[in-house]
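Engineer: Now for the letters of each chain:
There are 2 protein chains.
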Amino acid sequence: MSISLALIGIGHIGGSMAYGLRAAGTAHAIYGYDADADALKLARDMDIIDAACETPEAAIQNAELIVLATPPNTIAEICRQLEPHITPAQTVTDVGSVKGPVLDSIAQACGHVPAWFVPGHPIAGTEKSGAQHASGGLFRNRYAVLTPADGTDPAKIEQVRWMWEQLGARLEQMSAAQHDALFAGVSHLPHVLAYALMNVLAQELPTTDLKRYAAGGLLDFTRIASSNPDLWTDICHANRDQLMPMLEQYRHHIQNLLETMRDERTEPLHKAFASAKRIRDELNDPAP
Amino acid sequence: MSISLALIGIGHIGGSMAYGLRAAGTAHAIYGYDADADALKLARDMDIIDAACETPEAAIQNAELIVLATPPNTIAEICRQLEPHITPAQTVTDVGSVKGPVLDSIAQACGHVPAWFVPGHPIAGTEKSGAQHASGGLFRNRYAVLTPADGTDPAKIEQVRWMWEQLGARLEQMSAAQHDALFAGVSHLPHVLAYALMNVLAQELPTTDLKRYAAGGLLDFTRIASSNPDLWTDICHANRDQLMPMLEQYRHHIQNLLETMRDERTEPLHKAFASAKRIRDELNDPAP
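Residue numbers (my numbering), protein chains in the order written: chain Y, 7 to 294; chain E, 7 to 294.
Hints in this document: simulated from the structure, not taken from any laboratory.
Heads up, the beta-carbon is just placed ideally off N, CA and C, and yes, glycines get one too.
Honestly, I wouldn't trust all of these hints.
Under the rule of at most 20 Å between Cα atoms (straight-line distance), these lysine to aspartate or glutamate pairs were calculated in the DMTMM-like manner [stated by the list, open to error]:
1) E:Lys277 / Y:Asp236
2) E:Lys134 / Y:Glu288
3) Y:Lys217 / E:Glu178
In silico negatives: residues of chain E with every beta carbon more than 12 Å from chain Y [as the list claims (entries may be wrong)]:
4) Glu83
5) Pro160
6) Gln165
On the chain E side, residues computed to face chain Y include the following (Cβ under 7 Å) [stated by the list, open to error]:
7) Arg257
8) Ile260
9) Ala280
10) Leu289
Take these sequences, add in the hints, and give me the full structure.
Structural biologist: Next comes the structure, spelled out in structure tokens:
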């Protein structure tokens with residue numbers, strides 16, 4: 007089976023989806039739109055899309071499946087704009103890292119969450135952004151999480167599942183609330199902490215020393231601090247209700263460590279480090 | 007030129023030095039001692055050392071260069087124990103991540119910092135520990151930092167420099183105080199933060215979810231949380247005077263981010279993320 011695809015937003019994720027779906031023989035025509043004219047031109051030059059369209063409405067006109075690969079804070083407005091043009095045969099999905107607040111904003115913009123919208127999130131981003139880093143294999147063996155609302159059309163969910171399977175992803179389904187709590191922890195919190203470490207180190211040490219003596223541990227730790235600040239401001243702001251309590255727990259944990267060190271107590275320090283190592287070592291085992 | 011070597015403590019670092027020096031044709035005889043009998047046997051079985059000795063004194067008897075590859079909190083006692091046996095031709099160096107407090111503890115244990123002791127620190131550790139992970143190429147193109155005291159014998163410094171050059175390392179020299187402030191930032195702080203993140207996530211989320219959804223960012227971020235908790239308790243405790251102010255700065259930065267998020271101000275969040283990205287991107291450039 008092969009479908010026609012509209013790609014709204016052609017960055018690292020969107021571009022990788024297009025490459026992957028074409029390689030799988032799943033998409034025979036890919037219509038693209040990006041608010042950034044340069045990004046749109048690049049996508050056409052790189053053969054990510056077959057046709058560069060001047061508006062989202064034009065891009066979706068002949069597409070069965072519509073992928074909104076734009077930041078979370080843009081999804082509601084795009085849905086509102088497209089809603090009058092969506093036909094019963096069409097399916098719309100997104101790829102954002104925040105789900106509940108996006109569904110809320112769609113409900114506000116459209117008066118309801120349309121049955122044609124299937125909220126999705128592939129767990130496959132990297133610190134890179136832009137279609138120039140697109141790779142068709144990006145989603146292979148990675149999870150793609152769908153968080154349908156009560157009224158989401160089951161047939162549309164099936165179509166989005168099918169698309170991700172073509173890309174080699176492993177499908178999971180959960181509530182938007184469960185998703186947002188989970189990714190506040192495993193993704194959003196680490197990003198905030200990595201950004202924070204870079205800023206603190208730059209404030210405390212000369213950049214030349216940082217560049218010279220940053221060993222593997224620091225470079226790996228802070229790799230995600232190279233992530234797109236626009237996107238991550240958006241994600242952290244949108245998911246703040248889930249993220250803030252985790253960040254507060256973290257602050258509290260650091261506070262405790264500081265007190266332990268101030269009191270020169272090594273036992274609680276050792277206990278914390280040992281339990282952390284135990285947990286981290288477990289993450290190296292293959293996922294169940 | 008080829009020398010005889012004594013290796014006191016045969017873990018990841020010590021084992022890698024032995025392999026590398028032998029491969030370079032630099033060490034013709036390697037005498038080893040480890041307080042852990044199993045580690046000593048392993049080192050002999052892996053041909054890391056030529057002779058397994060029952061005491062540090064026996065190990066150093068025929069060695070020109072003596073490497074103390076044991077944790078920081080053991081160095082002073084080993085120096086005190088060895089001092090009566092060290093001959094004028096012998097040189098002793100260490101490999102620990104903390105320098106000032108170790109020199110202080112040696113001064114306390116021996117009544118002075120002996121001229122034969124050259125404090126050293128190769129910037130090449132990984133989260134792995136134990137000689138089973140030893141690799142002769144571990145130090146190639148990595149920095150080795152020496153932090154001689156006022157009374158350190160210049161000829162001994164030269165010998166230790168020569169040894170690191172044989173291992174392919176790039177030599178740097180600085181004061182112990184400068185070293186400890188620098189590595190509190192680029193190494194000790196990230197370790198504490200990675201350990202802390204693992205503990206907070208384990209407290210907030212089910213382990214099965216952590217294992218399933220930990221994407222590349224989180225795994226890279228927390229890789230160093232697999233580091234040896236005994237060693238890192240020792241390092242963080244020994245260097246607490248430098249580490250605590252940095253950790254306090256970090257706590258303060260997190261506090262500010264929390265307040266920004268609480269007030270729903272996205273501009274300071276974006277500014278912080280953007281400056282962090284700018285700094286992190288710079289670290290990808292080749293070191294000067």
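Engineer: Are the hints correct? Go through all of them and say.
Structural biologist: Status of each hint after checking the structure:
At roughly 10 Å between alpha-carbon atoms, Lys277 (chain E) and Asp236 (chain Y) fall within 20 Å of each other, so this suggested pair holds. With a C-alpha separation of about 15 Å, the suggested pairing of Lys134 (chain E) with Glu288 (chain Y) holds against the 20 Å cut-off. Taking the CA atoms of Lys217 (chain Y) and Glu178 (chain E), the gap is near 14 Å; set against the 20 Å cutoff, the hint holds. With a least beta-carbon separation of about 17 Å from chain Y, Glu83 (chain E) lies farther than 12 Å from that chain, consistent with its non-interface assignment.
With a cut of 12 Å on Cβ distances, Pro160 (chain E) stays outside the contact zone with chain Y, its closest approach being about 24 Å. Every Cβ of chain Y is farther than 12 Å from the Cβ of Gln165 (chain E); the closest lies at roughly 24 Å, confirming the non-interface assignment. Interface hint status for Arg257 (chain E): upheld, as the beta-carbon distance to the closest one in chain Y is roughly 5 Å, under 7 Å. At its closest, the beta carbon of Ile260 (chain E) sits 5 Å from a beta carbon of chain Y; the interface hint therefore holds under the 7 Å criterion.
The closest approach between the C-beta of Ala280 (chain E) and any C-beta of chain Y is roughly 4 Å, which is under the 7 Å cut-off, so the hint is satisfied. Interface hint at Leu289 (chain E): satisfied, since its Cβ lies 5 Å from the closest Cβ of chain Y, which is below the 7 Å cut-off.
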